[in-house]
Amino acid sequence: MENSNKIEYKSLGRRKSSTARVTIKPGKGNFIINKRKSKDYLMSNILIQEALQPLEITKTIGTFDINVNVRGGGLSGQAGAIRLGIARALIKSSPDYRPSLKIKGMLTRDARKKERKKPGLRKARRARQFSKR
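The sequence shown: position 86 = 86 (our numbering), numbered continuously.
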């Protein structure tokens, strides 16, 4: 019993401006985000499914307890960050998962970020309304 508590795999996932610190350990499939149940935090089943995609691919749903500390960005970005963190932690637990996760693109950091605002424009590319007359 004491040995199983000591085994845990930590990793980091990022997307947009979100950062997720993920810890997985062998367990019954509990999924906790910022000390709350995943359903209470992410609220949308689609976002929870997105976050748990690496477990579906490796067929390990219900075998790991997942504890996540996530901050920054919105819920969609946070779900993406959690997904990358879980995938990286699974590889630490067993390198055999790497090929199947890599094929599905779970190990690639999504580098898309919000483009910076340029001077003279309203947003990154949105110009002021033009009136000919």
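Keep in mind that the hints were calculated from the coordinates and are not lab data. Ideal Cβ positions, reconstructed from N, Cα and C, are used throughout, including at glycine. Certain hints may be false.
Computed Cβ-Cβ distance ranges for the label pairs, DEER-style [stated by the list, open to error]:
#: 1; residue 1: Ala124; residue 2: Gly27; range: 12 to 22 Å
#: 2; residue 1: Ser17; residue 2: Lys104; range: 42 to 52 Å
#: 3; residue 1: Arg128; residue 2: Asp40; range: 41 to 51 Å
#: 4; residue 1: Arg125; residue 2: Asn69; range: 13 to 23 Å
#: 5; residue 1: Ile103; residue 2: Ser131; range: 25 to 35 Å
#: 6; residue 1: Lys37; residue 2: Ser100; range: 21 to 31 Å
In silico EDC-like cross-links for lysine to aspartate or glutamate, where the CA-CA straight-line distance does not exceed 20 Å [unchecked claim]:
#: 7; residue 1: Lys102; residue 2: Glu56
#: 8; residue 1: Lys6; residue 2: Glu56
#: 9; residue 1: Lys39; residue 2: Glu56
#: 10; residue 1: Lys92; residue 2: Asp40
Hint-by-hint comparison with the structure:
Look at Ala124 against Gly27: about 43 Å separates their beta carbons, and that is not inside 12 to 22 Å. For the hinted restraint 42 to 52 Å between Ser17 and Lys104, the CB-CB distance of approximately 24 Å leaves it violated. Roughly 43 Å separates the CB atoms of Arg128 and Asp40, a value that falls within the hinted 41 to 51 Å. At about 34 Å, the beta-carbon gap between Arg125 and Asn69 misses the expected band of 13 to 23 Å.
Separation of Ile103 from Ser131 is about 52 Å and departs from the stated range, judged on CB atoms against 25 to 35 Å. For the pair Lys37 and Ser100, the supplied restraint of 21 to 31 Å holds, since their beta-carbon distance comes to about 28 Å. Simply put, Lys102 and Glu56 have alpha-carbon atoms about 14 Å apart, close enough for the 20 Å limit, and the pair holds. A distance of roughly 25 Å separates the Cα atoms of Lys6 and Glu56; the hinted pair therefore is violated under the 20 Å criterion.
This hinted pair checks out: Lys39 and Glu56 have alpha carbons roughly 18 Å apart, not beyond 20 Å. For the given pair, Lys92 sits about 28 Å from Asp40 by alpha-carbon distance, which is inconsistent with the 20 Å threshold.
Against the hints set out earlier in the document, violations occur for numbers 1, 2, 4, 5, 8, 10.
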